[in-house]
Each structure stands twice: as structure tokens, then as C-alpha cells.
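Those sequence lines, one after another, are chains A and B. Be aware that the first sequence starts at 1, since it is given in my numbering, and climbs by one per residue. Be aware that the second sequence starts at 1001, since it is given in my numbering, and climbs by one per residue.
Simulated from the structure, these hints should not be mistaken for laboratory data. The structure presented is a predicted model; accordingly, all values stated were derived computationally and were not measured. Every residue gets a Cβ at the ideal spot worked out from N, C-alpha and C, and that includes glycine. Please note that the accuracy of each hint is not assured.
According to the in silico footprint, chain A covers these stretches of chain B (three or more CB under 8 Å from chain A) [stated by the list, open to error]:
(1) 1024–1033
(2) 1040–1050
(3) 1174–1185
(4) 1212–1221
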Amino acid sequence: MSRTLAPAHSAPPRPPTRPRSPRSTRQRPALGLSLGVALVLLFAGIRMFAPESVGDVLSNSVQDFFTLSISVVIESLPFVFLGILLSIVVQVWLPEGFLLRHLPRNVVARRVTISLLGVLLPVCECGNVPLARGLILRGLTVGESLTFLLAAPILNPVTIITTYQAFGWSDGILVARILGGFVIANLIGWIYSRHSSPMSLLTPKFQASCAHAHDEVRTTRTRRSVDMFTAETAAMLPALFVGSAIAGLIQVGVSRDLLVTLGQNPVLSVFALMALAFVISICSNVDAFFILAFGSTFMPGAIVAFLVFGPMIDVKMLALMRTTFTARTLVQLTVIVGLASAALGLAVNTIA
Amino acid sequence: MLERLIARWQGILLALIGIVATVWLAATDRLGLYIHPRYFWFTVIMAAIAAVFVVVAFAMTPLREPADEATDAAAPAERGQPDDHDHEHAHDHAHDEAPRSPVRGSLRVALAATILVGAAASLLVLPPATLTSATASQRSINSSGATLEQSGPALVGGDTSQFTVKDWALLLRQNPDAEYFADQAIQVTGFVTESPDDPDNVFYVARFVVTCCAVDAQPVGVPVYLPGWAERFEPDEWVAASGAIVPNPAGSSALPLLMEPTDLTVIEQPDQPYVF
């Protein structure tokens, strides 16, 4: 990060192909703002003048696919925004090092505290990877960073509230999710704390950037906040929209008989929903709403396995973590977390 | 260039689509087609706050240059699958430093564009709609344990003119005895959907019960006995029905009690089609 830092009030860095004339520097914010307002008006205009009815063009099933998918988006979106806002507050507006300064010295107590950091950081898993990278740069061990990464998406107020909204206290789903997430995250932290050379778990590229730790990009907090909002929405919303579409598709496309057959089997149901969690990669803040539709079809243990495994490991999360950890580490992690989640789900099914 | 633009603006544009759709639904009083009313204020307030960020984001270009993407939350997401390009972690370094292939670049652009267009089409162009009888039959009417285990309203002394389809469905399930409903007039409104047990003679006047959002909607309904009903009513038509509860003339155990209609009128879909 050796590039020159622009003062906050002047032009932001731009692609090198753009000319850096002072004239365009001054005009940029106004231009961007007008573009933004124009887009808002365009979208609002499309919405207001779109036809009020499409007649019978869409069959009932296609119509319901859209209604169901849209309802997941509309329900989840405010929670995603809330998570982003809170993570902006913690990462940008709280003093630097605020989170790490008061950690206990005892390693077990330290891991337990780290696994509860998510209470202050109610972001879903996608927002945690950059944060965990920052924490490693500031002195967290690799094992501790994994504990944080796995626990924070589950042990945070937004996830707990949405899970409660969706399931209440029924079948112990909420309790099993919280305890299961806590135990698995601490288990992983303990396992990797015994690794002989933890730095080898990290990609060489990231190891190199550890050497540049503490190089902060200096700029105004407002700009950093907006920048984070841009980055976080870019990471989360595509996954949310695709996940919602898949949720709608399964609801109308997969026959109810098949779902019921799968869902009522104490073993198959657990693995079916874990596979689903892995593929759809929906954010932990809102995954409870997503799986609610299956609540009457699938056994509670399967729902718990979905709600514990999904936030820790899924396609999107592996892609994000691959920036920091080696492929080999991620394969081990996936296997251990998968086995632990399956065991938890099967146990809940046995008890329930 | 296009790839960079999309990586930078995809999130903001998707957020904007969601915000415009949410605010418009709230302004036209149709948010209830998708979510439970208890979320209305929260949803609108968060949309308003996010709208401020979106507008400011347009006025400020993002902070970091693409070269700095290693510290950028958005960048890893566009990096593609985790395991598709390395077989041994010893080679990680070389691969991480390698330039991105143009094919994967255009794939990413195509995927991002598809998501954007799909989101805009379904949230901004498509007219809002309620769930249909297709979902009612997919989810088996009156099958949801959780919905129908609530205690029903008091029939004796209750104001039955205010009872919804859900209230009657609860009462019918909990009191499978025709005596209980003797001399009791019943009025319900709901949409028509056929009974899987006896499709020729029986249809349901049905509604969806929503606990959180439309995804968890569970159909409930009052079975109506009317041989040849399909000649008079289409599925998904909204009707107001009144009549009395009688034992099933066919003696079916799946449907011990039915409504015998005295009056059936086709009506407009109500503003709030779901019950809560």
C-alpha cells in the first residue's frame, strides 16, 4: 500500500486511464450525485409505470415462484442493511483496537471471548472475513481468527433475533443453533491452536501482507463508511438475490412428496439440508427466514444442521476465506465443521 | 473496464432496486403481500437509511483502487470458486499472482448482469401478486400443525361475523362434531381451491396464514360441499360464502364436516389477502 493517499476533501483515486485534471476533480461529486439521482428516478419511474397486471401470461406456479422469491428479498433486505450499518459502526467509528485491547490472557478464556465478539459485530459471515484479516494483522492467532470467523455469524444479536422471529422456542432450534455454533467454533480454535506452524495455514500472499500491517488508508470516516457499504452490498446482495431465487424455485419446483420423504427421514434430512446450505450460501442474518418454509416438512435436527453449517461453511464463504487461508486448511475445516454439524443435527433429531 | 464497473456498482444497484421496490410497495399499501405487518416500519426505516448511503455512494467514488483489492471486502467475492484453480497449496502463490483469465472475467460480468436484470424485472416490472392455488395445493391445505394448534376463538358468545377462514378452520379441526356447530351461521371470504380428497364435490374457501413472510405461508380453508362447483367457480377466484356446518354427505373420514352453502358470491380480492 505504497500509493499516495489522497486528502479526504479532494478527488478520490481513480483508474489510471482517467486523466487527472483539476477540473474533473471538482466536478466529480456533483456528476456522481446527478447520476445517482437520475438512476433513482429511472428505477422509481419503471416501478410506477410498469403495467398493473400481466393477465394470464404467467402460470400460477411461475407467478408463485416470483412471489415467494420476492418475499424472501423484501423480508431479508432490512436485516442485511442493519448488519452492514452495525459493522460500519464497529469497524469505522469505534476506536482502533477497541475489540482486541481487553481480551483475557488465558488461551481458553480468550477463545471463548473471541467467539462472543460477534455480539458486538452483528454482520453475517461475508462481512467477517475482511475483519478477521484485519484482526490477524493486529495480532490475533490463526486459530483464534478461525474461532471468530465461525462463531460471529451465529452468535450475534441480528442472527439470534431473526432465528427467534422465525422459530421462537419451538423444538429447541434456537438454543441448539447458539450452543452448537459456540462449541464448534471453540473446537476448531482449539484444534488449530495446536498446529506447529500456524502461519503456513495462510496463503503466501496474505502472509506477505502481514508484513505491511498497520498501513491504514487515511481518509474521512464518512468516506470509509460509504466505501464499506459499497463493498458489503456488493458481497452480500448478489448472493441474497440468487439464494432467494433458489428458495422460490425449490418451493414450487421440487415435488412436495420428495421433500416430505427426505425431510421426515432423521438421517437423510440432516444431510439434505446441509447440502442445501452449502449451495445456496445465504447470509446468517436471514437464513432462518429462508428455511422457515421448510419448517413444517423437515425434522428439527435438519433445520439446526442447516442453521449451524450454513453460516460457517458454504460456497460463498469458502471463496471469501480462500483469500486468506490455503486450500488445504479450508478442506480440513469443511470436513471437521461438516462432521460436527451433522452430529449435532442427528443428536437433535434423536432427542426431538 | 466493464468488470471493474460491475464489481464496484453491483451492490449499490441491487440495493437501490430493493429500496425502490420496498418504498413503492409501502407507499401503495402492498407490503403486506410479502411480509407480516409487524415488519412494516422496520423495513421502511432501513430502506430509507440505506437510500442515504446509496445516494452518497454515487457522490463519492470508492476509496480503494483495484490494485488494493486484497483488503477489499468485495474483491474476494468476485474471485470465483475456491478450489477450482489449485491442486496443491504449494502452488498457491503463483496462481494468486497470475492475471485473471478473460473468459472468467466475462462469465462474471454475464452472471452479474443476469442478477441485475433479474432483480430489476421481478422487483420493478412485475406487478405485485398474492400466492395462488398452486402453492395452496403444493403445501396441502390445513396440514400445518403449528398454525392449527393455536387455540381457536370461543364459538359460544364470540362474534362469529368477525371470524376469519383461519378461525373456522381451527374450530373445525378441534371440534369434529356437527352438534357443536348446530344452528351456527358461518360467513367466510377466501379464494377457491379444489379439495384433493373429493375434487368433484368439494372445494375450499382458503386463505394463507403468514407468520413471517410469504415464504412461510400455510394454506387454511373451510371445505364447501357443492357438487359440480367447478362449473360455477374458477380456482383462485375470490368468493364470499355463507352457510352452515353439516356432516359430510359422502361420509368421508378425511373431511368429516363441511360447509353447506346458502349463498356464494364472487368478490374482488381483498386488499390484505393473507391472515396472520
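Verification of the supplied hints:
1. Proximity of the segment 1024–1033 of chain B to chain A, defined as three or more residues with a beta carbon under 8 Å from a beta carbon of that chain, is established by the 4 residues found.
2. Counting residues of the segment 1040–1050 of chain B whose C-beta sits closer than 8 Å to any C-beta of chain A gives 7, which meets the bar of three, so the coverage hint holds.
3. Coverage of a stretch by a chain is defined here by at least three residues with a beta carbon nearer than 8 Å to that chain's beta carbons; for the segment 1174–1185 of chain B and chain A the count is 0, and the condition is violated.
4. Three residues within the 8 Å Cβ limit are the bar, and the segment 1212–1221 of chain B against chain A gives 6, so the coverage statement holds.
The earlier numbered hint that this structure contradicts is number 3, and it is the only one.
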